[in-house]
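Participant: In case you want the letters, here they are:
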Amino acid sequence: MTETKSAGLSRRSLLKGAAAGAAASAFPAPMIWAQNIKDVTLRQFGTGVSNLNEVAQKVKEDLGFTLEMTALDSDAVTQRAATQPKSFDIADIEYWICKKVWPTGNLQAMDTSKIKNYDKIVGIFKSGKLTPESEIAQGTAPHTVGFTDGPDGKTFADSETGWMTLIPTIYNADTLGIRPDLIGRPIAHWHELLNPEFKGKASILDISSIGIMDAAMVCESMGEIQYGDKGNMTREEIDKTMAIFTEAKKAGQFRAFWKTFDESVNLMASGEVVIQSMWSPAITAVKSRGIPCVYQPLEEGYRSWGGGIGLSKNLSGLELDAAYEYINWYLDGWVGGFLMRQGYYSAVPETSKNYMSADEWGYWFEGKPAEGDITNPFGDKLAGAGETRDGGSFYDRMGAVACWNAVMDENQYMVRKWNEFIAA
Amino acid sequence: MATLLKNRHLTGWLLASPLALVLAVFLVLPIVMIVIVSFWGATEFSIYPAFQFDNYEFLFGSPVTYKVFFNTIKYAVITWVFTLTIGFTVAYFLAFHVRSLTWQIALFLLCTIPFWTSNIIRMISWIPFLGRNGIANSTLISWGVIDEPLEWLLFSDFSVILAFVHLYTLFMVVPIFNTMMRIDKSLIEAAYDSGATGFQTLTNVIIPLCKPGIMIGTIFVVTLVMGDFITVRFMSGSQSANVGRLISNDIALLQYPSAAATAVVLLATVLLLIGILLRFVDIRKEL
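Same order as they appear, the protein sequences are chains D and C. Going left to right, the first sequence walks through residues 1 to 424 as this note's numbering numbers them. Going left to right, the second sequence walks through residues 1 to 287 as this note's numbering numbers them.
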């Protein structure tokens with residue numbers, strides 16, 4: 001820490017001349033920190049789920065520096081992280097994207113000794129196990145791409161090394177969203193997505209890497225395909241999966257495909273679609289309009305994803321310090337509480353507890369019935385007294401993860417097949 | 001020096017050079033770049049310079065390509081038919097039925113009002129209108145015309161073409177109106193005096209004289225429709241694809257060389273189409 005501080009100091013002295021430098025060196029480092037930090041601007045980008053203006057405002061209040069947020073869709077995030085390293089300081093990306101982005105060398109490894117709450121980060125991001133007994137799910141599990149060998153590591157390490165590629169921030173277990181009022185019966189399996197009963201009223205997301213995983217969950221649930229690893233399919237498995245979905249598409253099963261969060265919300269809220277793959281905050285967005293919508297737990301389990309913060313290779317000196325400060329602040333609980341009220345989980349759940357009421361904590365984390373109204377971070381009511389969260393407690397949900405979003409060895413082949421499916 | 005400047009070839013070149021330079025830098029150079037990149041190779045996260053035909057091989061070897069190109073041309077042709085019919089009628093009304101110049105200008109400006117908002121807004125506003133519980137369906141149900149909401153109104157080829165026609169008809173109206181305004185009224189009087197019916201005047205006098213306008217409008221509409229991908233994505237609910245979407249998907253997945261190859265083929269197709277169109281009308285003479 002001291003080393004990088006003095007780097008910032010000498011840079012300042014170079015810039016502002018010898019006199020300023022002499023004066024500055026007379027003060028202890030934190031003083032300089034306090035003076036300079038207001039000038040720092042960090043540019044962050046990521047998907048709309050976690051790149052919220054509220055976070056940027058809170059950063060300004062708590063830490064004093066400016067955080068510029070850009071929200072993009074998942075594909076654009078990958079593209080920017082891989083091709084425009086100079087255009088950002090902080091990349092808020094998903095773990096499966098990390099597999100594509102890390103080899104480009106645009107990000108730098110992070111020293112876990114500088115992360116205050118490192119020990120409190122949940123096990124899935126470190127060893128892959130939520131609890132010591134739990135099994136590691138299929139797909140690109142975050143811990144498999146979470147560590148690298150050293151500050152300049154280009155490959156992923158298979159266990160904790162002290163150098164992280166991304167600092168985990170947010171994750172969730174995804175499942176199908178349904179409109180209970182328009183379906184009118186219980187839904188318990190992934191294969192209901194292709195049930196002809198919902199012909200012309202089903203949807204799936206058009207982001208191939210995620211869509212194929214949902215498709216795999218459906219095909220497996222139908223009993224049509226037994227996958228070796230859904231997160232790393234063979235060509236034959238991809239062909240079979242896409243054949244089943246193409247057939248369904250030609251029969252008119254799907255109403256529309258969605259690519260962005262808002263599209264999924266609109267499809268569901270307008271009743272164009274009654275069953276679709278969906279993200280948790282999209283469900284809360286539909287519910288906060290007063291429309292019933294359930295994030296339906298299914299017997300086959302969840303398809304999960306995790307996101308984290310990566311630092312640009314170009315960060316150094318004062319900006320790098322500010323970035324570490326930001327990461328520590330991120331894991332300190334305020335953001336965690338904010339995200340958990342939208343239905344996500346924080347990488348360090350126990351710190352979020354300090355920023356949530358006991359009732360909120362009970363509802364969102366422990367799966368207990370709410371005692372009063374539960375609101376989202378923007379104040380809209382999501383649930384009333386007595387209601388419980390879909391899928392139960394944190395351990396029930398994250399313990400039932402069947403696979404993680406993934407990048408397969410046959411990724412290019414899969415993408416081509418996916419395009420054929422869209423054009424069919 | 002003075003004699004040198006009097007050389008009309010040299011002054012001609014000098015006068016043309018600023019525009020030539022701008023076009024070279026901003027049009028020719030990028031296209032050359034795209035052509036070069038279309039022969040490169042790509043991995044998951046990088047592209048590398050090479051000279052290989054992989055991208056084209058894959059492009060021409062895939063049945064998806066033909067299907068998508070067919071789809072693109074289908075959209076272009078149907079949209080062209082509708083925009084031409086509507087555009088010609090509107091222009092005809094403005095040019096020959098509206099007598100005073102003030103009204104002509106006022107009505108013409110009225111046509112442009114929708115263009116004060118963005119393309120995307122005009123397109124997206126169709127979605128709540130055409131939806132399953134949208135205004136169109138609920139109106140038809142309340143009139144007793146239908147019992148069940150019409151599913152094909154939204155997220156179908158119908159909605160895609162409707163949006164295209166809505167978005168691009170003005171590009172047909174403007175050039176046709178422009179050529180119509182330049183038709184000498186005495187020619188129409190002469191036709192009338194010679195005993196031609198209204199329809200004969202239309203087919204023998206007005207349409208031939210409007211050909212350059214129709215051609216310019218056609219070029220606008222065809223190129224716009226063939227390059228558009230966002231309308232197809234939104235209005236078909238991502239369920240149909242045209243070449244533009246193919247390219248945008250490739251870009252999203254970092255497959256730049258493959259996107260470049262598709263772009264080159266699309267460009268060639270459009271140029272070919274325009275080449276054919278220009279054989280019917282000598283635009284240079286008419287302008």
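Keep in mind the hints are simulated off the structure, nothing from the lab. Each hint should be verified, as a subset may be incorrect.
[To be verified] Beta-carbon label-pair distances, calculated as ranges:
no. : chain 1 : residue 1 : chain 2 : residue 2 : range
1   : C       : I121      : D       : I291      : 50 to 58 Å
2   : C       : F51       : D       : Y413      : 43 to 51 Å
3   : D       : T246      : C       : S17       : 53 to 61 Å
4   : D       : K116      : C       : A24       : 50 to 58 Å
5   : C       : S62       : D       : Q84       : 28 to 36 Å
6   : C       : M181      : D       : Y413      : 37 to 45 Å
7   : C       : Y66       : D       : L182      : 54 to 62 Å
8   : C       : P30       : D       : L182      : 44 to 52 Å
9   : D       : D73       : C       : V77       : 56 to 64 Å
10  : C       : R122      : D       : Q84       : 29 to 37 Å
11  : C       : I141      : D       : G105      : 57 to 65 Å
12  : C       : M33       : D       : K114      : 53 to 61 Å
13  : D       : G153      : C       : R122      : 49 to 57 Å
14  : C       : I230      : D       : K313      : 51 to 59 Å
[Claimed, not checked] Taking beta-carbon pairs under 7 Å as the criterion, some of the chain C residues facing chain D (in silico):
no. : residue
15  : V64
16  : Y66
17  : V68
18  : R132
19  : N137
20  : P149
21  : E151
22  : G237
23  : A241
24  : S248
25  : A252
26  : L254
By construction, the Cβ of each residue, glycine as well, lies at the ideal position given by its N, Cα and C atoms.
Participant: Determine for every hint whether it applies to the structure shown.
Facilitator: Hint-by-hint comparison with the structure:
| no. | hint | in the structure |
| --- | --- | --- |
| 1 | C:I121 with D:I291: 50 to 58 Å | 24 Å, violated |
| 2 | C:F51 with D:Y413: 43 to 51 Å | 24 Å, violated |
| 3 | D:T246 with C:S17: 53 to 61 Å | 55 Å, holds |
| 4 | D:K116 with C:A24: 50 to 58 Å | 57 Å, holds |
| 5 | C:S62 with D:Q84: 28 to 36 Å | 30 Å, holds |
| 6 | C:M181 with D:Y413: 37 to 45 Å | 57 Å, violated |
| 7 | C:Y66 with D:L182: 54 to 62 Å | 39 Å, violated |
| 8 | C:P30 with D:L182: 44 to 52 Å | 49 Å, holds |
| 9 | D:D73 with C:V77: 56 to 64 Å | 32 Å, violated |
| 10 | C:R122 with D:Q84: 29 to 37 Å | 31 Å, holds |
| 11 | C:I141 with D:G105: 57 to 65 Å | 59 Å, holds |
| 12 | C:M33 with D:K114: 53 to 61 Å | 43 Å, violated |
| 13 | D:G153 with C:R122: 49 to 57 Å | 50 Å, holds |
| 14 | C:I230 with D:K313: 51 to 59 Å | 33 Å, violated |
| 15 | V64 | 5 Å, holds |
| 16 | Y66 | 10 Å, violated |
| 17 | V68 | 5 Å, holds |
| 18 | R132 | 5 Å, holds |
| 19 | N137 | 11 Å, violated |
| 20 | P149 | 10 Å, violated |
| 21 | E151 | 6 Å, holds |
| 22 | G237 | 2 Å, holds |
| 23 | A241 | 4 Å, holds |
| 24 | S248 | 9 Å, violated |
| 25 | A252 | 4 Å, holds |
| 26 | L254 | 6 Å, holds |
In terms of the numbered hints stated before, the structure departs from hints 1, 2, 6, 7, 9, 12, 14, 16, 19, 20, 24, listed from lowest to highest.
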